[in-house]
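J.: Model the full assembly from the supplied sequences, consistent with the hints where possible.
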Amino acid sequence: MSGERTCGVCGSPLLALDRFCPNCGAQVRPGRPAGRRPPRRRSPNWLFMLLVIVAIAGLAGVVVLVTRGSKKDQSAASTSTDSTTSTSAAPTTTTTLPSRPYNVTGNLDGLIMRASPSRSSARVGQVPKGDRVLVHCVQTGDVVKDSSGPSSDRWDRITYGNTDGFVSDLYLTTGNDDLNPAIIPPCPFIPPVVPSTRR
Numbered sequence: 791m792s793g794e795r796t797c798g799v800c801g802s803p804l805l806a807l808d809r810f811c812p813n814c815g816a817q818v819r820p821g822r823p824a825g826r827r828p829p830r831r832r833s834p835n836w837l838f839m840l841l842v843i844v845a846i847a848g849l850a851g852v853v854v855l856v857t858r859g860s861k862k863d864q865s866a867a868s869t870s871t872d873s874t875t876s877t878s879a880a881p882t883t884t885t886t887l888p889s890r891p892y893n894v895t896g897n898l899d900g901l902i903m904r905a906s907p908s909r910s911s912a913r914v915g916q917v918p919k920g921d922r923v924l925v926h927c928v929q930t931g932d933v934v935k936d937s938s939g940p941s942s943d944r945w946d947r948i949t950y951g952n953t954d955g956f957v958s959d960l961y962l963t964t965g966n967d968d969l970n971p972a973i974i975p976p977c978p979f980i981p982p983v984v985p986s987t988r989r
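Under the working numbering, the first residue of the sequence shown is numbered 791, with each subsequent residue one higher.
It is worth saying that the hints were derived from the structure and are not from the lab.
Keep in mind that the hints are not guaranteed to be accurate.
[What the hints assert, rightly or not] For each label pair, taking beta carbons as the anchor points, the in silico distance ranges come out as:
| no. | residue 1 | residue 2 | range |
| --- | --- | --- | --- |
| 1 | R809 | V842 | 41 to 47 Å |
| 2 | R795 | I846 | 17 to 23 Å |
| 3 | N952 | R890 | 57 to 63 Å |
[As the list claims (entries may be wrong)] Below, a list of computed lysine to any residue pairs in the SDA-like style, where the Cα atoms sit at most 25 Å apart:
| no. | residue 1 | residue 2 |
| --- | --- | --- |
| 4 | K935 | P975 |
| 5 | K935 | Y950 |
| 6 | K935 | R909 |
Note that the Cβ used here is the ideal one computed from N, Cα and C, for glycine as well.
T.: Right, here's the structure in full:
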């Protein structure tokens, strides 16, 4: 008979209301062959997939960190090189005060220029009364006394024409500028040059 139910395990005939095979005891479900158990679906291995995803994410993070670190190192090296280059290229500057012009006082016919701040040093030139000279610096030397009374041990290093030498500050219109290093700076020390005596 086409509508007859049989046990799928042992093949014994079953009644319409049988839930278990009377011969082998296999469970019979309605609408399915008697005694056959439905196949189980294999659930995917979620733990394995999760581990794979975590491993890929970790590897990507390591690659990103290494890339950033190398870029930072290159940037730091470039900055250090630029800083070293700019530091080494910076010129060393020294502050030099400009020379100032002053006149020879009118009470002297001719002001003698000497090689050093000493009355006994060699004569290197002479400045007429009232002419202008360029004062570079001031230095202490021999005391010079004017016939009218004042005296001074201050000597100015000057340029007159193409000649350099020292003259007594007593005969220049410097006022108190020779006492102010911000106006007339001190000269590097130059020892007095005394002319040799011929025998």
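J.: Can you list which hints this structure breaks, lowest number first?
T.: 2 and 3
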